Amino acid sequence: MTPSAFGIDVLRRLMDAAALRHQVISQNVANVNTPGYRRLAVEFEDELAKVLGTAGGSADAVAPKVVVEDRAERVDGNTVDLDREMGDLNKNTLLFQAASQIAASRFASMRSAISGR
Amino acid sequence: MPFSNLFTAQAISGSGLSAERFRMEVIANNIANANSTKSANGGPFRRQEVVFAEVLGRAGDGGMPALGGVQAVDVVEDPTELPKVYMPGHPEADPDGMVTMPNVNLPMEMTNLLTASRAYEANLRDAQQFRTMNEQALPILRS
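In the order they appear, the protein sequences are chains A and B. Everything in the first sequence is counted per our numbering, starting at 1 for the first residue and increasing by one. Everything in the second sequence is counted per our numbering, starting at 1001 for the first residue and increasing by one.
So that you can see chain A by itself, here it is in the shape it has in the complex (with noise of 0.2 Å):
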């Protein structure tokens, strides 16, 4: 069984998603009074449960990716929500530290296992 079968691969994908997601949260607050500047967003889950939906699709296969999102922007011509922001960093923050507590119980099973404990 290699440890791909866990869904190692899967988290580790996730948390490398959910990292970028929270620079480029960082990058939207701290722009949030630069006047012209465009939200980023980070495209990552569909993708994933696209590929994850298919037959032997793997998790490698999909990479996260940063867009420019246009919404409702404001006189400045910014489109930074700083409550949105903030909820989306909620969010993401609670994504990781699932992905993390998967992944170090599913380290914690593989270790029992080699050590026979």
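Hints should not be assumed to be uniformly reliable.
Claimed, not checked - Computed, partial: chain B to chain A, Cβ under 8 Å:
no.	residue
1	GLY1016
2	ALA1053
3	GLY1069
4	GLU1077
5	PRO1079
6	THR1115
7	SER1117
8	ALA1119
Stated by the list, open to error - Pulled from the structure, derived: some chain B residues nowhere near chain A, Cβ distances all over 10 Å:
no.	residue
9	VAL1026
10	ILE1031
11	GLY1097
12	PRO1102
13	ALA1122
14	THR1132
Hints are computed from structural coordinates only; laboratory data are not their basis. The model shown is predicted, which means the values in this text are computed figures rather than measured ones. Just so you know, even glycine gets a beta-carbon here, dropped at the ideal spot from N, CA and C.
Place chain B on chain A using the hints.
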């Protein structure tokens, strides 16, 4: 994700924090000089405004936009008209007794101060979440 990118989120939040702090400093300077009839360029003080710009770093991996945070690129003076106040005893008064005062508008400064302070909090929250995430990831290394 390469190891060098590990603290990018922290650096971005940091740039936001220092930019917003700088904006608060400029606003404080405006308020402090709300009645200064003399300034470095001779005339009455003109209110200043910070210009923010996204940091344009090198292009990211795979055509992704580079994430470099924000920076305060310039401090510009507000060119709007300076109000005149009748103060005949003032040393700066013209023959009609009118003194040209700074164009600092207190309600406007307070609103900007609030915006800057909220944005600062948001950046701070972001940095805290970054810490939480990494604290969560570190136990994976523990045996």
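Going through the hints against the structure:
no.	hint	in the structure
1	GLY1016	3 Å, holds
2	ALA1053	6 Å, holds
3	GLY1069	5 Å, holds
4	GLU1077	17 Å, violated
5	PRO1079	17 Å, violated
6	THR1115	7 Å, holds
7	SER1117	12 Å, violated
8	ALA1119	5 Å, holds
9	VAL1026	12 Å, holds
10	ILE1031	18 Å, holds
11	GLY1097	39 Å, holds
12	PRO1102	23 Å, holds
13	ALA1122	5 Å, violated
14	THR1132	6 Å, violated
When held up to the earlier numbered hints, the structure conflicts with 4, 5, 7, 13, 14 and fits the remainder.
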